[in-house]
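Join the two chains, each given in its own frame, into one complex according to the hints.
Keeping their order, the protein sequence lines are chains A and B.
Per our numbering, the first sequence starts with residue 1, numbered consecutively.
Per our numbering, the second sequence starts with residue 10001, numbered consecutively.
The reader is advised that the hints may include incorrect statements.
[Said to hold, decoys possible] 20 Å max Cα-Cα, derived SDA-like pairs, lysine to any residue: (1) A:Lys170 <-> A:Thr767; (2) A:Lys589 <-> B:Thr10335; (3) A:Lys634 <-> A:Asn712; (4) A:Lys1004 <-> A:Glu230; (5) A:Lys593 <-> B:Gln10244; (6) A:Lys318 <-> B:Ile10296; (7) A:Lys404 <-> A:Thr472; (8) A:Lys531 <-> A:Ala500; (9) A:Lys566 <-> A:Gln680; (10) A:Lys593 <-> A:Gln471; (11) A:Lys318 <-> B:Asp10322; (12) B:Lys10290 <-> A:Ile295; (13) B:Lys10153 <-> B:Glu10213; (14) B:Lys10200 <-> B:Asn10358; (15) A:Lys848 <-> B:Arg10082.
The hints are simulated quantities; they were obtained by calculation from the structure and are not laboratory data.
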Amino acid sequence: MKKHFKRKILFSLLSLIWVAGFSQTIIKGKVVDENNLPLPGATVIIKESNIGVSTDFDGVFTINTSDPLETLVVSYLGYQTQELSNLTSDFSTIIMVTDAQSLDEVVITALGITKEEKKIGYATQKIESTVVKDVNVPNVGSLFSGQVAGLTVNNPTGLFQAPSFSLRGKNPLIVIDGVPVETDFYDVSPNDISDINVLKGTTASALYGSRGRNGAILITTKNATNEGLEISISHNTMVTAGFTVFPETQSEYGNGSNGKYEFWDGKDGGISDGDMIWGPKFESGLKIAQWNSPIYDNVTGETTPWWGDVYGTQYNDKSRYSRVPIDWKYHNNLKDFLKTGVISSSDFSISHKGEKGSFRLSGNYSSQTDRVPNANLKTGGLNFKASTKLSDALTLDSKLSYNKVYSPNYPRHGYGPKNHMYTILIWMGDDVNGKELEEHQYIPGQEGYRQANFNYAWYNNVYFAAHELTQTYDANNINGQLSLNYKINDNLNLQARGSAIINDTFEDRKSPKSYLNYGDPRDGDYKTWNKNKLTVDYDVLASYNKSINNNLAININAGAATYYRKYQQEYNATDGIIVPYIYSLNNTKGSVKAETYYEEKATNSVYSTLELDLYNSVFLTFAARNDWSSTLSKDNRSYFYPSASISTLVSKYIEMPSSIDYLKLFGSWAKVSSDLNPYQISSYYQNSGNFGGLTQLYYPNSIVNPLIEPENSTSFELGLSAAFLKKKLKFDFTYYNVVDSNQIINLPVSNASGFTSRKVNGNEYTTNGFEVVLNAKPINNENFKWNLTTNWSKKVQKITSIYDNQTTYGDLNLDDRTDSYYATVWQKSADGRLILNDQGLPIKDPYKQFIGNKDPNWRLGLQNSFKYKNMTLTVGIDGVWGGLMRSRTVEKMWWGGKHPNSTEFRDAEYAAGTPVYIPNGVNIVSGELIRDVAGNITSDTRVYQENTTAVNWQTWSQNYPYRAQVTQKESKKFANVFDRSFFKLRAVSFKYDLTKELNINGIKHIDVTLNGYNLLAWKKADIIDPDFGNDDNLQDPSSRYIGVGVNMKF
Amino acid sequence: MKKMKNTLLLFSLIILVSVSSCQDLSEINENPNNVSETHPQLLLTNISENAFEVEGTGAMYASRMLVQTDGENSGQYYSWDRASFNDYNMLGEVTKMMEEAERIESDAYIALAKFFRAYYFYNLTLTFGDVPYSEALQGESNQIFTPKYDAQKDVFIGILSELEEANNLLEGNNDVIYGDIIYGGNALNWQKLINSFRLKVLISLSEKENDTELDIKNTFASIVNNNPIMQSNNDSGLLVFLDQDGSRYSEFNSSSYGSGMYMSSTFIKRLQDRQDPRLFIFCGRTKNAKEAGLAIDDFSAYEGGDPLAPYAEVNDKAAQGDVSKVNLRYSTDPTTEPHAILSYSELEFILAEASVRNWISSIAETHYNNAVKASFNFYNTHAKGFESYVESSAAEAYLNGNLVSFNNAITMEQKLELILTQKYFTSFLQSGWRMYFDHLRTGYPNFVYNGNSTPPTRWVYPTSEYQQNTQNVSEAIKSQFGEGNDLIRELTWWLK
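Excised from the complex, chain B in its bound form (with noise of 0.2 Å):
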């Protein structure tokens, strides 16, 4: 029996050991891999990339600049429905960037998170039209799980004043911002950035012209004189890409561009009526042409599908060798072209608008002149193979074309369409869906469509919202377009 307790005490002993001492548990469950701090350079490498790379093809279905043959495309026939909050993910990310940027007391990343903020604000709203912005991106500091809506007008106000905020954080500031992709870590430039997209955002607010509270053509016109804007196209925003694994244009080898995606006639009509050249750089000849030995500078070797026709029409169109295609460079080339969020072209456009609109006083024509020049700059600079059509000489003499030149525009709306459409034909695979923004606000360029499927005006909020969100989302809609209009022609705040 005192055996027994023995080897009891004796297996007690064995049991306690092996439990308290074995292994020290808290210690084990120490992350080896990866950090919970960082510089925010490591933060703003992804977000700019993330920010300023292509942002796809479906932009240039809804504003009649590509058609699809082997499917419905929902963007070309306007018959979308709901889009995602995806963009809230990356905003997550600018706010640690700024939390870790707040941490190391540095007024430059501070500066980039609020562009950042506003950048991605700006596509939310025009997207849906109220959105989350007051109490959203609060769910980890705030444990604010169910942020309110914000009426779109005061996503507008807080836009226009964190942007303001970034220009007074950057004003003389000389930190090198590293992990910058876009400006090599020059702040003056992103100060110009932040500055030429204020401006970018009071236009696009031009309905709300005679808005007292946003006073939106006095703080257009104190931005232009008082704060650096971009001056050339070595300030544009435009991200670079690298021959380098990750850093690959975005759609190199992508492989739609081998099948079942055309040009669009309106697309196509439009470049061949004003003889220009860019229409060489976006296009492939069509089959026919190419086989008949057609140049590629031929206005006539490029041709589009009808982007209102049953799809079937277009195939059958295009297998008979009649449909141009994307110019392959932009599949098969990794370094292609840059891309830009906001370029020095698209500036000038916003100038020449501004003037015409008489918010400021310098002259619509030399910015709009000065718009197409610069588009022609950046294909002579960037497309491999084809800088010989767009010379400067080039875009002098397109600018003097028919319908091209500002002199023959005499109306105001003439100058708008004019200025609307030129800067259509700088955003192919170029500023998301800018273009068709500008199209909702202003009519320009017209965009065809079939019978009422008029261009839709938003989109319906995301299924995760109605799930999660319930009773804000529902506010949100209500307060707009009335109980359960949550529907994609319903008009937003900005359009009306």
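Extracted from the complex, chain A is given alone in its bound form (with noise of 0.2 Å):
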């Protein structure tokens, strides 16, 4: 795709400069490649005179030669060049044949610049586009995974939960046809993707400047392929098929504590109603009152249905009404309340090629409708792209695109009240009957003021919460970008772009009345935030491209470029709400909060490459940029980027073994530089509300520092690529090294100097990584190939160096891997028993503690695709090994009586009466345990004996496990600190090509898919995902997806 895109660039460019000369002779020829197809953009030059010529779209090229003799040599990307004399007849066809020694494969780098894959020295690797299309996923982010070695993605599991990236460490610059972007990616149409690759190391992005000093990600949108008209279109559903992960908790008991519970106002009025799942056992013939009890009038003795509590009616009066107790069973509500979710995607596209341009036009909607009752997200664009020749020398491209990302409500996710997954997993007994929490959201005749629930000190109705606390996502997206191309002569091209990305945002939040957030009003709410982005883009590119001679050639790119962004932002909301159900800023009983902001930045820079080919086997290339930044101050703000880099075939000038096809070594050195946020120079006092309409403000406690430096991060990598056996087996290894020095840091200070931190320019940072990315083809004949890609890496970042030649900074020691999981654990005796005190319960360590490290070892990615005839099958597999992580899923559940070990001592302890649980442990008989500040012990006279003091099971659930850190090895059953290593059957796809069996009229194409996401996963964690990422904050269960596709072409 790309390669058809620099071809069209090419010609356009190329065929039409009238090459004056003496003209007698014309010859007249046609390039094809060995499918007998035409090569458009081929090079053909006289050998003698050095004058040349490209091919048109069909191959063909016209030359005039002084002699019919001379040679002609003929060129083209990815083929052996051919020299051909004597050419006498008029018309001859040149078959060129593919370079198996070179790596001339064209790969996209910064700025947009392509480049052969031979001449580059530094690691980058591409997506395959066909990855991100056949799988119809939330996000087609969430595709990249496994793809690339060193590019890390986390799969958050709720609706609109965007998954992120880091690249060797670091979070990405996101490039979308050569401009950087803000993006989550809900505004791309994987469709339009034609190309992905993964500039990975420093010197690959150091054009792109502070913004790019991480590496970026380019994507490169589709243009029209093929000549003339053709119109595509595609459809893709995909549904939740059962979880991957699903969190299992306890499904024997129910609300409550310490094995009792009725209802009366779901905050301790009635028995342990207020919060926990540590209650009754689920028996049949067991009733109890509870939170949809009807009410008994033992006056009357009449009965009336009721839902909720009775606060505030005439039923509030134990001494007359009380509810009748009901069956006390298993309701399996998490299961219940997650429906079926659907994905649905349709797209189009027209595109058409002629000799003046080409455009393409692409449009798609896409739909997600979410698991969570009452929850979707729709995203849909309209796509415009043009390429214009506005004379010979002259070419306009253009893109203009639109894009919406609208959610009428989505859900939150978390740990909190306002948070599903908050309430129906860690804190909802299955006692509660679910289905009537839906049917009855509101106490009977208090519709629209209180809701009805089983809790009423922490938690909401959670079908309430899903239908009544609402919000707004309303996205406008237009991207609009237009490249003006002068090809000045052979050699002198001039390129101008100018990119503007406009993005506004309108959200809102609509809580109803009686609903619930900890220490919030409960008069209802309404909330505006309306959010507006401009960035706008400038750039102009001058190439030079010479070939001195056969062994020297240069290639030299200057230019310059200007960064502006501008973020705004409203946002209004109300202090409660006087009448329910109306949602406006009309309808506050309080005064309306108002606030805005408004934040620019810019940047400006100059740019230039030096490239030389010698002997088309040693590339070299330097590169310099400097950037201007607004946000530093004037003496600080111009900061220099050098780069270098080196790629040499090896295999061209030393004799290799046959099996070998070719050997290639690289290396690269590159310095960044990176600087702030703006309005970080100076200090401001900030706003913190108001009392009483009184104005508060506060001062900010980092100290500033106006002197501030920008940040230094200087990066060499070394690499090598081989391909074996006619490049069945490809194998590429890259050593990278980064040293992050002079970091703008928040350095804590002692607390006592009024401050918490400042900012300074210190400590260094040392990564060291490797990756491998092995391809290999163990079977590729006519009718089955089999792909094979496998990508590993590791890296290890340390802190080298401290500000003020420190020895630790926070809780890390220098030298420390800054991964090191320092954490809250319990106290241990000298050789590691657990401390109890006399109550037969743990003690916290005041020190933290190093429990190992939060990385995994290594990450793994295999993407396999088999195909036979014509049906493809892919099939991606990734994972991790290794690394620790934290689980507030699993601790939340310890505590709140749902994890599935808190069964354990249930039933025993309740028949018995009395605590049976012995913990394992030690109590401290005498002595005492005396450390420095350091945390260094001075001093252990503790003497010990064995603990006999049984302890309550809840108490110890609720203690052990939840409030310090319990790793797998410490205690396989109380663990809240996992292994992170996990393997998952990320995508598989299989598609099946039809054009020929139904061979229909009209349809150029046609093909159906049956495909599938995040299918199987191994892993050593309890409960939780781990591709999730750091469970710090409660995940949504992770959700298989299956689906159908079908693609047409026309």
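Below you can see the structure in the form of structure tokens.
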């Protein structure tokens, strides 16, 4: 696809150049590939005079020559260059042969500059566009998982939770069609993606300046590829099919505490009805008064159906009314709550390519209906891309796209009363009849005013929350781009480009009356956010190419760019609402609260690259960029990024065994810098609300530093790339070392200074990493092809220097890995036994202890593609090995009583009426432990005895696995810190090309796909999905998706 | 070739133009949202709210007023370890207010800044012992990032002298103080509060009565005799809450009141023993009592949980309906009651104690009676729906009660116990940790505990100091308690 793009440009620029000469003879010919397909844009040069032309769309060239016996040199990227002499015939067909020797595949690098792979001295890796096209996942970014060595994707499991990316441990820049963008990928249609290339190292992305210092993911959208008119449509539907990881909970006990429960007001006015799921066991025949029990009038003997508490009604009189006990039984609430999710996407494209140019118009619409009731997300867009030849030398490329991301309501995620998993997974006992919660969201007669629920202290009716607490997200994204290309002559090209991205987002949140969020008002409220973002990029680029002779070619690029970003936000909120259901600022009870925020940032840059090709086997690139950033002080705002890389085809000059197709070695070095966010070099008072109408200001507790300098990052990279056995096996290896120095850090200072931190330049972090990519084609015959790509990566980052030569930085000691996990743990004896107090409970260690590293030891991705006749099967597997992660989900399940292991001693203890669980540990008989401020033991005279005190099982469960970190090594049963290791069957797609079978007139292509995403997982952690990323804030169940799709071209 | 040269020239021009003229980078980085300079009034409102709002429930667990039934409360079981230096964050705000006040040359705001410095440093030193004082809060002005620790005595001397300076600055000052949510801008009221606070600090140093350098007795008497102090409930340092966003009662809607938080038997028993009607204002009836139809003013309708029992046991008792919860008004009324950092009632208790200690000549009993009446009057004014239980006649009757009447106290210790017990009763969701510190100082009222777990006398220094101010905190630990002994039951200077 990209190749075509390049061909087109080359063609448009080269083919129309009038070659002045003393024309006597005209040689005509056609350049084709091995399959007899024309190669437009191939270069045909007369060797003697160095005069040349390019082939046209049909691969045809016409050249004037003074001497028909002169030699023609025909070259085309990726093919062996041919020299032909004595072309006497009127029309010759020249067949080009692919060049197995070299790596001529073209790769898009920074600023959209295309380069042959052999010339690249740093690591890049492509993601096959078919991977992202065939599987219709909630967010296309998730499909990058496991595709690229060094690129980590975390995949949250809820609706509208975007994946997050980490490239060699840093947050990469996303570039679409040459312009850096801020995107969560909801506004990108997978079907518009033509190429994805990941620039991993700093060198690769140094030309993007500070924005690209962390590497970049370059995405190129499609252009018209084929001559004439082409129309394509496709549709894809996916549904959730069960769960790959479902948070299993205990299903034997309901709400309550110490085995007892009775509902009255849902805030401990009954028997332990305020929180906790440590209540009675589900038993047939057992009846208990519950939130949905009818009300019995012991005067009249009448019963009245009722849902929720009786606060404020005549029934709030226990001397007369009671709640009729009803069956105490299990309800599978979480599974009932989560419906089948559906993702349905359709799109079309119309493209045309002709002599004067080409265009492509595409549209897409996707709808995601969530598993959570009343939540969905719709995305859609129209994208137009065109390339017009204004004159022989001038080409105008334009792009205009409009994308909308709209959700009338999407769920909130994480720990807190607004979030469904908080309620239903952690805090709602399964005695609660979820169906009745859904049917009776309000207390009878109090519709709009008071919700019906089983609890009135902490939690909301989960269905009431789903239907009544709604939040809108409505984003409009316009992206316009113009690029003018002026081909001055064969060697010199000028390009000027401008791009503007406008992103306007409206969000609101409607909270109904009686909605509860800890200390927030219960009077309902309405909040709105208007956010406007504008990003403008201008750049000019001059490229100069010259082959001095056969052994030396130079390529010079020089350019300048400016970047401007503006962000504006306004926020409005009511203070309570008067009339229920009316969500308007006019309906506020108190004063409307409003806030605005405005922010601007600009960067100016100049850059240049110099490439030297020596003997067609050694390739040197030097690049330099200078940025001037508005966010730094005048003296520090200019910073310079040099970079250099070398790549050499060893196999060109050293004889290799015949099994080695080629061997490339490469290395690179780069230094980049980065700036700050706006307004960080002066200190400002911040608004902290008001009291009684009086505005309150506060002064931030971090000291600013007007003299702050840009951060530095120096990296070097060494790599090897080789192909064996006629490219049946390809191997890439990269080692990299990054030193991040002069970091802009908020250095913690003694709180007694009046501040908690100050901004300084300091600290140095050193990262060492290895990346391996292995591509194999074990079977490659006409009918059956098997392609296997494996990628493996590992990296370790350490803190190698601390500001002011200190030896510690926060919890970290000098030379510690930065992912060291220092955790609050329980006190242990010298030989590692748990120390218990006189009540048999563990004691927190006031010093954090090192319990391991958070990052995995390594990551692995495995991409298989099998092709049999017109069927293709792709299978993607990826995962990680090692590393530690804490699980808040598990901790809270222990505390609340939902954890599957929390059932163990309940029956025995309730039967005995006294604690039966004797924790394994020791008590201190005498002596003490003395430590210095660094935690070093200065004396330990503790004497122990075996613990014999039995502890209430609920008390134990609410302490040991909840209040401090317990690793799997310490206790398998009570662990809340887990080994991160997991492997996932990420995506499977089966495509059947039906074009020939159906052979319908007018249909150029038709295929159907069956696909699946997040199909299976193997993991070491209990209950949670490690693919989610850290579980510091609860996670939604991880659904399995399966679907079908159809693609057609006319 | 010439054409090319021209083009290159043109191109260079484009570059120059785009870099130089496009955007003024300095102008772009000027913040339109916020100011770098302000009138101190905008800081005062924030500081006052922070200082005057309810300090949470932690102190009430430690003071045997509350028990927790859904988890082990470290305050209740005296098993806490570190506390934070967060008060220094607010001191940072006070420092800025002082700077802005000096910029506009306003004595009134300078005086208030000195008062708030004294207020926060007083809390800090009682919490830890030695704390950074003389070198503190100079991170921005003098780049002191690892301030040395000052001996607790020196901190107290500093606090007292700053308060005295504050009084002097306010003497005869008629400026209206804008941004004042406590006294509506009245400088005299602040002066009264500041002088009363001086007395509070001095009474805290009762163990240092004989320290000649401090000269506590005479200073105390001199303030009482020569400086304006609070005269009535109207002078109390109160934050009055409003039913507006951001101005509501600190505990309004707090979920923890809905489950797991119950009254402690110690507190309820003491109020019952004295037939103290404020019991009805602080607590709810037990579920069983309510269902049995017991009236609000039936003392037997209230019962607490044993603060020493394992929490599962109290939970069982609560589940059976036999433990009172905190009165609903604290979490359901957005303006429940104002919160005092120093009330007139407390001042009268301080004067009563000073009188018993012979620091002043006025009559202890009068102060004691005034204090109790002021407390009744406070609830009579603010406890909506409970006014009738705390009329002034009820206060009179109460003061004649067996365990309440000042006449029945014979020895000085008995008098102190009487005063501090009554002072304790005025501390429900009021005045933060004051009652706990009073207990540490005087032993009254006594707090029950298990075995060796006596009430801790301090908190361990925060981890951040261990990490960011290693040398100074190590020295402070060494000089106070011996190396490595940064423990919660070490005695600091004021308790020795």
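Problem set entry | 20 Å limit on alpha-carbon distance, applied to hinted pair A:Lys593 and A:Gln471 | 18 Å, holds
Problem set entry | Pair hint outcome, A:Lys318 versus B:Ile10296 [Cα-Cα no greater than 20 Å] | Given that 20 Å is the threshold and the Cα spacing comes to 16 Å, the pair holds.
Exercise. Would the pair A:Lys318 and B:Asp10322 pass a check requiring their Cα atoms to be no farther apart than 20 Å?
Worked result: This hinted pair holds, its Cα atoms lying about 16 Å apart.
Exercise. Given the hint that A:Lys593 pairs with B:Gln10244, does the C-alpha gap stay at or below 20 Å?
Worked result: The hint holds at about 11 Å.
Exercise. Between B:Lys10290 and A:Ile295, does the CA-CA distance stay at or below 20 Å?
Worked result: 19 Å, holds
For this session: Given the hint that A:Lys1004 pairs with A:Glu230, test it: the Cα-Cα distance must not exceed 20 Å.
Result: Between A:Lys1004 and A:Glu230 the Cα gap is close to 9 Å, so the pair holds against 20 Å.
For this session: Decide if the proposed pair is consistent with the structure: A:Lys589 and B:Thr10335, CA atoms, cutoff 20 Å inclusive.
Result: OK: A:Lys589 and B:Thr10335 at ~16 Å, within 20 Å.
Exercise. Taking 20 Å as the top limit, are the C-alpha atoms of A:Lys848 and B:Arg10082 close enough?
Worked result: 12 Å, holds
Problem set entry | A:Lys634 paired with A:Asn712 [C-alpha distance capped at 20 Å] | Holds. A:Lys634 to A:Asn712 sits at ~18 Å (cutoff 20 Å).
Exercise. Are the Cα atoms of B:Lys10200 and B:Asn10358 separated by 20 Å or less?
Worked result: With a Cα-Cα distance of about 16 Å, the restraint between B:Lys10200 and B:Asn10358 holds, given a limit of 20 Å.
For this session: Verify the proposed pairing of A:Lys531 with A:Ala500, using a straight-line Cα cut of 20 Å.
Result: 17 Å, holds
Problem set entry | Pair hint outcome, A:Lys170 versus A:Thr767 [Cα-Cα no greater than 20 Å] | Holds - the C-alpha atoms of A:Thr767 and A:Lys170 are around 11 Å apart, at most 20 Å.
Comparing the model with each earlier hint shows no violations; every hint is respected.
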